[in-house]
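J.: Given chain X's structure and the hints, the job is docking chains A and B onto it.
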Amino acid sequence: MMAAIQATLAGLLIVAGAAFFFIGTIGLLRLPDFYTRVHAVTKCDALGAGLVLLGLAILAGFDGSGIRIIALIALVLLSSPTAGHALARAAWRAGLEPWYRKSGHVGQ
Amino acid sequence: MTTLLWGTILFLLVNAFVCLWRALAGPTLPDRILAANVIGTKTLVVLVLLGLALDQGLWLDVALVYGLLSFTVTLVFSRFLETGRIRGVWESK
Amino acid sequence: MRVVQVAAVIFVFWLVLAVPLAPVDLVWGALVSILVGFWAAELLWADGAPALSLRRLAGLVIYTLELIRSIVPAALQVARVILQPTMPIDPVVIKHRMRLNHEFTRVALANSITLTPGTHCVDSENGVLTIHCLDEHFANPVRDGRLEDRITRVLQRETMS
Chain X
0 MMAAIQATLA
10 GLLIVAGAAF
20 FFIGTIGLLR
30 LPDFYTRVHA
40 VTKCDALGAG
50 LVLLGLAILA
60 GFDGSGIRII
70 ALIALVLLSS
80 PTAGHALARA
90 AWRAGLEPWY
100 RKSGHVGQ
Chain A
0 MTTLLWGTIL
10 FLLVNAFVCL
20 WRALAGPTLP
30 DRILAANVIG
40 TKTLVVLVLL
50 GLALDQGLWL
60 DVALVYGLLS
70 FTVTLVFSRF
80 LETGRIRGVW
90 ESK
Chain B
0 MRVVQVAAVI
10 FVFWLVLAVP
20 LAPVDLVWGA
30 LVSILVGFWA
40 AELLWADGAP
50 ALSLRRLAGL
60 VIYTLELIRS
70 IVPAALQVAR
80 VILQPTMPID
90 PVVIKHRMRL
100 NHEFTRVALA
110 NSITLTPGTH
120 CVDSENGVLT
130 IHCLDEHFAN
140 PVRDGRLEDR
150 ITRVLQRETM
160 S
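Line by line, the protein sequences give chains X, A and B.
In terms of numbering that gives the first Met the number 0, the first sequence has 40 at position 41, counting the first letter as 1, and numbering is strictly consecutive.
In terms of numbering that gives the first Met the number 0, the second sequence has 9 at position 10, counting the first letter as 1, and numbering is strictly consecutive.
In terms of numbering that gives the first Met the number 0, the third sequence has 139 at position 140, counting the first letter as 1, and numbering is strictly consecutive.
Pulled out of the complex, with its shape left as it was, chain X reads as follows:
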C-alpha cells in the first residue's frame, strides 16, 4: 500500500516535471528574443528539474541517494536564477536590444 502511494506520487511528479521541461523547450524555440527566452528558461527549467528530482528522491527513499538528490534540487534551484541573472546582465551590458511588439516602443 505504502509502496503504491510512493510510486504513484513519484510518477506524477516526474510526469509534471517533464511537462515543464517540454514547455521550456517550446518557449526556447517560439519566443521572439533572448530576454523573453530567459524568462521561460529560468522558471520552467528550475521547476521542471525540481519536480522530476523530487519524484526521484521519493522513489529512491530518504537514504544516501535521496539526500544526494535533494542536494541536487538545491543546486538547481540556486543555480538556475543565478545563471539567468548573469547571462541577462551580460547580454544587457553588451548592448543587446530587447524585442518590442511595436518598434520604437521604449519602456520608461
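Mixed in with the good hints, there may be bad ones.
Cβ pair distances, simulated, as ranges [what the hints assert, rightly or not]:
1. B/L14 <-> X/Q5: 24 to 34 Å
2. X/T7 <-> A/V61: 40 to 50 Å
3. X/V14 <-> A/V64: 21 to 31 Å
4. B/M0 <-> A/A24: 44 to 54 Å
Because the hints were derived from the structure by calculation, they are not lab data.
No experiment lies behind these values; they were computed from the predicted model shown.
Backbone N, C-alpha and C define an ideal beta-carbon position, used for all residues, glycine too.
T.: Coordinates of chains A and B only, in the frame set by chain X:
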C-alpha cells in the same frame, strides 16, 4: 516504474536535441549560451534518471559534479560576454 | 577564524556526498575540508563571513520556502503565454529604485523578482534595478513595493545591523 524512467530519459533527450537547434541557429551569442545551459540542466536530470534506472548510485555524484560544472560554464561565458575576458575582476567593458 | 567557517561549510557539503557514513569518511572529510578551507578562505567571503544568528537563519528558511512556492505560479504563467498561438506579450523594460539598502536583501529582491510571474532582472547598478517584463502589468507588484515589503518583513529586521 522502470518504463517510466526510461520513457522520461528518452523524452528529455529528444527535448535536448530540439534545444540544440537554438544553440545552432542563435541568432545571438547569449541565445546559444542559454541553449547550452538548458541542455546542461536536462543532462543533469537524465544522469540522475539513468542512475536510478540502472541502479548505479555513483551516477548521482557524476550528476552533482556535472551540475556544478555546467553552472560554472554559464557564469564564465557570461563573464566573457560582458567583459571580453575570462580571468580577472568582473568589470563591464 | 574565516578558515574554520569555510572549512565547516565544505565539511557539510562533504557529509552530503558521503552519506552512508563510515568513521573513516569523517576523518578524511575533516582533513580535506580544513586543507581546502585554507585555500578557499581567500576566495569565499572575501569581506568576512556573514554572522549567523538563529533568527536570521529562520528568516532565510522562510524566505527560501516562499521563493520555492512562488516558482509554481510563475512557471504556469509563462506556460500560459508560450502555449497560446498568438503569444500575448508586449515586453517592456522598467527601472526600479530599491528602498532596500543592504546587499543581501537586494540580492533577495532580485531573486524574488525573477521568480515571480512575468518579470526578470536584467541589471542592478547603484540601487537601481533594470527589469524586463513580459507585459506592462506584471511590473505592478514591483512598482507598488509589495515585493519589497515582503522581503523587509522576512529578512530586513535581522540583517539591518
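J.: Using the C-beta atoms of B/L14 and X/Q5, is the stated range 24 to 34 Å upheld?
T.: holds (26 Å)
J.: Starting from the hint 21 to 31 Å, judge whether the C-beta atoms of X/V14 and A/V64 obey it.
T.: Once the Cβ atoms are compared, 27 Å apart, the range 21 to 31 Å for A/V64 and X/V14 holds.
J.: Does the Cβ distance between X/T7 and A/V61 fall inside 40 to 50 Å?
T.: Because 29 Å falls outside the window, the suggested range is violated.
J.: Taking the CB of B/M0 and the CB of A/A24, does the distance hold inside 44 to 54 Å?
T.: Since B/M0 and A/A24 have Cβ atoms about 52 Å apart, the given range 44 to 54 Å holds.
Consistency with the previously given hints fails for number 2 only.
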